[in-house]
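Just so you know, the sequences run in chain order S and R.
1 is the number of the first residue of the first sequence in the numbering used here; add one for each residue after it.
1 is the number of the first residue of the second sequence in the numbering used here; add one for each residue after it.
The set of hints was computed from the structure by calculation and includes no laboratory data.
Just so we're clear, the structure is a prediction, and the values are computed from it rather than from any experiment.
Glycine included, each C-beta is placed from N, C-alpha and C at the ideal position.
Careful, some of the hints might be misleading.
To be verified - Label pairs and their in silico Cβ distance ranges:
hint, chain 1, residue 1, chain 2, residue 2, range
1, S, E446, R, F210, 33 to 43 Å
2, S, L468, R, I464, 35 to 45 Å
3, S, L468, R, G206, 43 to 53 Å
4, S, D366, R, I502, 45 to 55 Å
5, R, F210, S, N453, 48 to 58 Å
6, S, V461, R, I35, 46 to 56 Å
7, S, I476, R, G206, 36 to 46 Å
8, R, I35, S, A454, 43 to 53 Å
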Amino acid sequence: MNTVTLSDILLISPMIALFLTSLIPITVKVLRGNREQHSLATLSQALIGIIISLGLLVIFGGAGKTAFNNGLIFDGVTQWLGAVALGSAAVGMIMMYENPATVGKQFSELIFLAMSSAVGMLILVAAVDLLVVFIGLEMMSLPLYLMIAMSHEGKLSKEAALKYFLLGSFASAILLYGVALIFGSTGGTNILAFMGDAAELVQTSRLFLFGITFVILGFCFKVSIAPFHAWTPDVYQGAPTPHSAFMATAVKAVSFAAFLRIIATQALVGSDHLFDILQWLAVITMIVGNTAAILQNNLKRMIAYSSVAHSGYLLIGVITAGVSQNSIFGASSVIFYLLSYAFMTLGAFAIASMMERSENHIINIDDLAGLAKKRPMLSLCMTVFLLSLAGIPPTVGFFGKFYLFNAAVGEGLLWLAIWGVVSSVIGVYYYLRPIVVMYMKEGEAEIAGHSLNATTITAVVMALAIVLMGFVSGPIFSAVEKSLF
Amino acid sequence: MILSSVVFLPLLFALIVAVWPKTSSIRHLAFGFSIIEFLLSLRLVQLFDSNTAGLQMVEKHLWIERFGISYFLGIDGISLWLVLLTTFLTPIIILASWTSISERIKGFHVSLFVLQTAMLGTFLAFDAIFFYVFWELSLVPMYFMIGIWGGARRIYATVKFFIYTFAGSVLMLIAIIYMMYLTQEATGAMSANLLDFYKLKIPFVGGAFFSLQTLLFFAFALAFAIKVPVFPLHTWLPDAHVEAPTPGSVILAGVMLKMGTYGFMRWVIPLFPEASEYWAWLFMLIGAVGIIYGALVAMVQPDVKKLVAYSSVSHMGYILLGLFAFNSYGMSGGLYQMLNHGISTGALFIMIGMIYERTHSREIAKYGGLAGVLPLFTIFFFIVTLSSIALPLTNGFIGEFLILLGTYQAQPVFAYFAVTGVIFGAVYMLWMFKRMFFGAKGELVADEHHPLFDLNFREVAVMIPLVLMIFWMGIFPNHFLDYSKASIDNLVNNRTNYNLTIVEPGAAEIMHAQGEK
């Protein structure tokens, strides 16, 4: 039972590879007598590690492959959302390389932490045992707290780190408490083991119901489902922009993977108690996220609230996957949405990051005034990101919403789909605002540094991808769906 | 391939204009492109077979197989003239904006061509999702057009425009998704194909609002009603029109409003025949109220552009009335009125733009006595005014007359009310004409520091095609109506069991050959 086979090692090789490459920059720094190597070298080592890890994930993963006595699973969800997390990490690091709040001293340590966090994400996305889930979650979160606190900016980032740490620990504690209760009522922590009895346990065992609710609440915090979202705007604003981008996409993708695995089963969502809770959480999240975003002046806070709203849409997909006999359609719509969401949110943060002149620079929406005249290309990219976030066709954001709501309507959740589209109308209002400012107001907005740098190229690539993926969304969606069988 | 070329050629033009290096020649380039596009669309008329009600020149490819969504373009008698209207107005708009758009010329023409693709796609798409993509896409360039080149309150106007129309259409998206599931139930395979939608028999319960067909009907109707816009939902229109630059107003009034009425003809009435019939009184009522309300409000406007904007509300009320009369007079009158309104209101907006360029004011009270100063302008304005108030021999007469005839046949009581609109229409237009063109010279006209110049060659060239169309459509309506007769008869006669067949390419020629024998 306790033997580790070669297939186990091969399956976790993406994590091993990622971890080993994360050690290179800091080792080099130690060997050089605590002097930074060139940031570009650090960045390229990290990117190579990510590419290797991604390749190993694709090669060795596959439907139904489990490692370590069903502790980890490497199915389609793991592969897709793991890839989203790794890709977001790569884009995040490219942004860190050029953002004034992160580049320069201690860059090696920063990259090490970011990659460790990515290892944690891979564990979380693959975990099927609640204890492994917890380990993954903590391994993902602890480096993030440090990374935020390491910002060169002196005040807001420290506040953000502390806030995130305190609330994050609190949420982890609740999650762990829930795991303990589940263990108490079922005698095990492996999801695959207790899911068979879950339908009955939810009805009969109060203890189990509490346990599973606590686990849900713990994850609601991580993916900022209202009313557990209060940290999101503060942390996204205070953290260096690349970190915000990293958190908004990668953390969300892997946490939703856990959501899909643990919650989205008929046994749980199918039961009346949990269905009602989740349904109202989704509605409240969409409304709160979208209306609060209208009131924001700070660009990063606005995107933060928009990410709250998107969690609400995603929760509809999770519920859909949960209530249906065949959860594949709903789950694929969630995965596709996360994929498209990663592109547009990373792009929007990349533009925000480029605008920052120094580590203390706060970007308000009005600061974008006149950008269209100076930087037509970047303004166009930003417009694409925002329209895609708003769900205007033919961008991929529209198709993401279309698949999500299509799945919901198919399962008879018409009510939730209508809430979804109505709140996306509210969303249009604030997504249009930066476009109005960029194109229709006079101003002196200018990006910091050169116009041709890595972040710019990334933003342009993201914008192109969003438009192109709109046209080929069908095949991509089918590929996602096929991989889940 | 011809329909794909017609739809996507403007997009290619937009790309070329976007990378064109010389700003000074962009206008010439864009004008040439729009003429090419217009000639290409004339080829559609040549290829069009007016004897069949079926769908012609069809191009159908599977796009998203998983959901049965296809790239599906086709044309029939209802779409044909709306496509021509779009391609006809675009070169005129470019020529009319030659001097009035002086900033960001490149962006303007790119928006214009993208908008053209979106509008043409809306009229030619026969797949629900494909249609929806074009429908929503049309908002974006228009949003920029009002927001960047518009007047003082442009940002308020453009955001209001965008949100209103977007809000209207999201429920339509849910309805489309729902209907895709209905096709799955009916045929086993999910499809977003409009022809498959037509075959659905959606249960209807009269009197119960929360019944399937009624709900779907209203989800679609709301989207189109906001776009038209019908009376209580029209408030975005005056704002958008007043703040939009001249070319924006022309497209908005000329083509984009037609997307709404076209939606009623293509989607709402044939898809939900029982619900449309049951609720026809409601739409005829808001149509009739819109006619009178629009006319009365137009009468008291001090701003001439706002006056024309409200006259649009009034004219669109006629179209709605005609469509919901469900007879061939009403329907063909409605379709004809769409074209008329596009041309005459477009011409009015262009002329208001011309005078605004000279005086920078649209206040009627500041004008007066223009007739003595600008004789050419006065003549053109007078002809267009007559067309707008539907004088016989002009195009407006044919449309309004057919609509009133159809309405009288179907629901006489609405015709009684609607006919007062004809009088009110004459009142507000002629009164405006009198105040602006006759009497003592107003402060702007008498201003000796800024003498007014009559129309130059370019402006005359802009107006001539419009005036020609006004008379052509007014004197020979059958040149146009003959093309759409088969389609409209099919819609009127088979409304409860509507179906469109795809006419195979080549079949038309065979039929002709047989007919000649």
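Against the structure, the hints come out as follows:
1. Checked against the given bound of 33 to 43 Å, the beta carbons of E446(S) and F210(R), roughly 55 Å apart, lie outside it.
2. Taking the beta carbon of each, L468(S) and I464(R) are about 44 Å apart, inside 35 to 45 Å as hinted.
3. Checked against the hint of 43 to 53 Å, the pair L468(S) and G206(R) passes, with Cβ atoms roughly 48 Å apart.
4. The hinted window of 45 to 55 Å between D366(S) and I502(R) holds, with their beta carbons roughly 53 Å apart.
5. Evaluation of the 48 to 58 Å hint for F210(R) and N453(S) yields a pass: the beta carbon distance comes to about 57 Å.
6. Our hint of 46 to 56 Å for V461(S) and I35(R) is violated, since their Cβ atoms are close to 37 Å apart.
7. Restraint check, I476(S) to G206(R): a C-beta distance of roughly 44 Å satisfies the suggested window 36 to 46 Å.
8. Distance hint check: the CB atoms of I35(R) and A454(S) are about 44 Å apart, consistent with the given range 43 to 53 Å.
Consistency with the previously given hints fails for numbers 1, 6, ordered from lowest to highest.
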